[in-house]
Amino acid sequence: DGGITQSPKYLFRKEGQNVTLSCEQNLNHDAMYWYRQDPGQGLRLIYYSQIVNDFQKGDIAEGYSVSREKKESFPLTVTSAQKNPTAFYLCASSIGQTGETQYFGPGTRLLVL
Amino acid sequence: SQQGEEDPQALSIQEGENATMNCSYKTSINNLQWYRQNSGRGLVHLILIRSNEREKHSGRLRVTLDTSKKSSSLLITASRAADTASYFCATDANAGKSTFGDGTTLTVKP
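Residue numbers (our numbering), protein chains in the order written: chain A, 4 to 116; chain B, 23 to 132.
The shape of chain A in the complex, shown without the other chains:
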């Protein structure tokens, strides 16, 4: 099956800890994205990547980091600098242009202990 997967479904973070959210796609898409969604709100762009080994900051990149070493993978690290990390994190991919149709993973809910 082609698709985009995220793991884990739930993630708990202790204060001062970095955590990494996984995102993998087998759609052969060039572009990948990370969004943050807070309750009752829309999606805010954290980082995006249009090609391997290249990525750009979105609207709320502070406290987050990413890498794009492989076309299929775009992991997101939530660092200890992110003071309010509790949210629902969504990964997406698209064929090429960033404004085109995006395909979303099921999301990871991050909670702070």
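These are computed hints drawn from the structure, not numbers from a lab. From a predicted model like this one, the values you see are computed outputs, not experimental measurements. Honestly, I wouldn't trust all of these hints.
Claimed, not checked - To give an idea of the interface, some chain A residues facing chain B are shown, with a C-beta separation under 8 Å as derived from the structure:
| id | residue |
| --- | --- |
| 1 | Tyr51 |
| 2 | Leu93 |
| 3 | Gly102 |
Claimed, not checked - Simulated pairs of lysine to aspartate or glutamate, DMTMM-like, Cα-Cα distance not exceeding 20 Å:
| id | chain 1 | residue 1 | chain 2 | residue 2 |
| --- | --- | --- | --- | --- |
| 4 | B | Lys119 | A | Asp62 |
| 5 | B | Lys119 | A | Asp33 |
| 6 | B | Lys78 | A | Glu103 |
| 7 | B | Lys119 | A | Glu103 |
| 8 | B | Lys119 | A | Glu65 |
What the hints assert, rightly or not - DEER-style ranges, computed between Cβ atoms:
| id | chain 1 | residue 1 | chain 2 | residue 2 | range |
| --- | --- | --- | --- | --- | --- |
| 9 | B | Arg72 | A | Lys60 | 24 to 34 Å |
| 10 | A | Ala84 | B | Asn60 | 31 to 41 Å |
| 11 | B | Glu37 | A | Arg112 | 25 to 35 Å |
| 12 | B | Pro30 | A | Lys73 | 41 to 51 Å |
| 13 | B | Arg72 | A | Lys73 | 25 to 35 Å |
| 14 | B | Asn40 | A | Asn56 | 46 to 56 Å |
| 15 | B | Thr99 | A | Gly19 | 49 to 59 Å |
| 16 | B | Thr42 | A | Arg112 | 40 to 50 Å |
| 17 | A | Lys60 | B | Ser73 | 45 to 55 Å |
| 18 | A | Ser25 | B | Ala104 | 38 to 48 Å |
| 19 | B | Gly38 | A | Glu72 | 47 to 57 Å |
| 20 | A | Gly19 | B | Gln36 | 26 to 36 Å |
| 21 | B | Leu83 | A | Glu18 | 44 to 54 Å |
| 22 | B | Asn60 | A | Ser10 | 16 to 26 Å |
In this text, a Cβ means the ideal position worked out from N, Cα and C, and glycines have one as well.
With chain A's structure known, arrange chain B on it following the hints.
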């Protein structure tokens, strides 16, 4: 502020009725998309309408785009309980990146 803003924030209707939700945006776009999100899940793409198109249909969905008013509407006809979800519009005006509104939460009562 968000590029795309949906209206109303929440909508509750009976099964079989039509549901209409609107999206307004501020700057010129190349395309506008509608997505659906069931509670606690990822978004699912519904329709993409380009700036040179005025109307598109997909099954029970009808999307219109009025670039002079910078607005779009999503109509769901003959709604079903399974249509209960949040609906988001996304525009590509932010340097080509998709910008999402806060969504309309639709509840269809059986």
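Verification of the supplied hints:
Checking Tyr51 (chain A) against chain B by beta carbon gives a least distance of about 7 Å; that is within 8 Å, so the hint holds. Below 8 Å, beta-carbon pairs count as interface contacts, and Leu93 (chain A) has one with chain B at about 6 Å; its hint therefore holds. Checking Gly102 (chain A) against chain B by beta carbon gives a least distance of about 3 Å; that is within 8 Å, so the hint holds. As the CA atoms of Lys119 (chain B) and Asp62 (chain A) are separated by approximately 11 Å, the hinted pair is consistent with the 20 Å bound.
The hinted pair formed by Lys119 (chain B) and Asp33 (chain A) meets the criterion: a straight-line CA distance of about 14 Å does not exceed 20 Å. This hinted pair checks out: Lys78 (chain B) and Glu103 (chain A) have alpha carbons roughly 16 Å apart, not beyond 20 Å. Restraint check for Lys119 (chain B) and Glu103 (chain A): satisfied, since their Cα atoms lie roughly 9 Å apart, inside the 20 Å limit. At most 20 Å may separate the alpha-carbon atoms for a hinted pair to count; Lys119 (chain B) and Glu65 (chain A) meet this at roughly 18 Å.
Take Arg72 (chain B) and Lys60 (chain A): their Cβ atoms lie about 28 Å apart, and the range 24 to 34 Å holds. For Ala84 (chain A) and Asn60 (chain B), the hinted distance range of 31 to 41 Å is satisfied, since their beta carbons lie about 32 Å from each other. As the Cβ distance of Glu37 (chain B) to Arg112 (chain A) is approximately 30 Å, the hint placing it in 25 to 35 Å holds. In this structure the hint that Pro30 (chain B) and Lys73 (chain A) lie 41 to 51 Å apart at CB holds, the actual value being about 43 Å.
For Arg72 (chain B) and Lys73 (chain A), the Cβ-Cβ distance of about 32 Å falls inside the hinted range of 25 to 35 Å, so the restraint holds. Look at Asn40 (chain B) against Asn56 (chain A): about 48 Å separates their beta carbons, and that is inside 46 to 56 Å. Hint check: Thr99 (chain B) to Gly19 (chain A), Cβ distance near 52 Å, so the stated range 49 to 59 Å holds. Distance hint for Thr42 (chain B) and Arg112 (chain A): a CB-CB separation of about 31 Å, inconsistent with the stated range 40 to 50 Å.
Between Lys60 (chain A) and Ser73 (chain B) the beta carbons are some 27 Å apart, a value that contradicts the proposed interval 45 to 55 Å. Between Ser25 (chain A) and Ala104 (chain B) the Cβ separation comes to about 30 Å, which falls outside the hinted range of 38 to 48 Å. Roughly 51 Å separates the CB atoms of Gly38 (chain B) and Glu72 (chain A), a value that falls within the hinted 47 to 57 Å. The beta-carbon spacing between Gly19 (chain A) and Gln36 (chain B), approximately 51 Å, falls outside the hinted interval of 26 to 36 Å.
About 45 Å separates the C-beta atoms of Leu83 (chain B) and Glu18 (chain A), a value consistent with the hinted range of 44 to 54 Å. The hint said 16 to 26 Å for the Cβ distance between Asn60 (chain B) and Ser10 (chain A), and at roughly 19 Å that hint holds.
Of the numbered hints given earlier, the model fails hints 16, 17, 18 and 20; all others are met.
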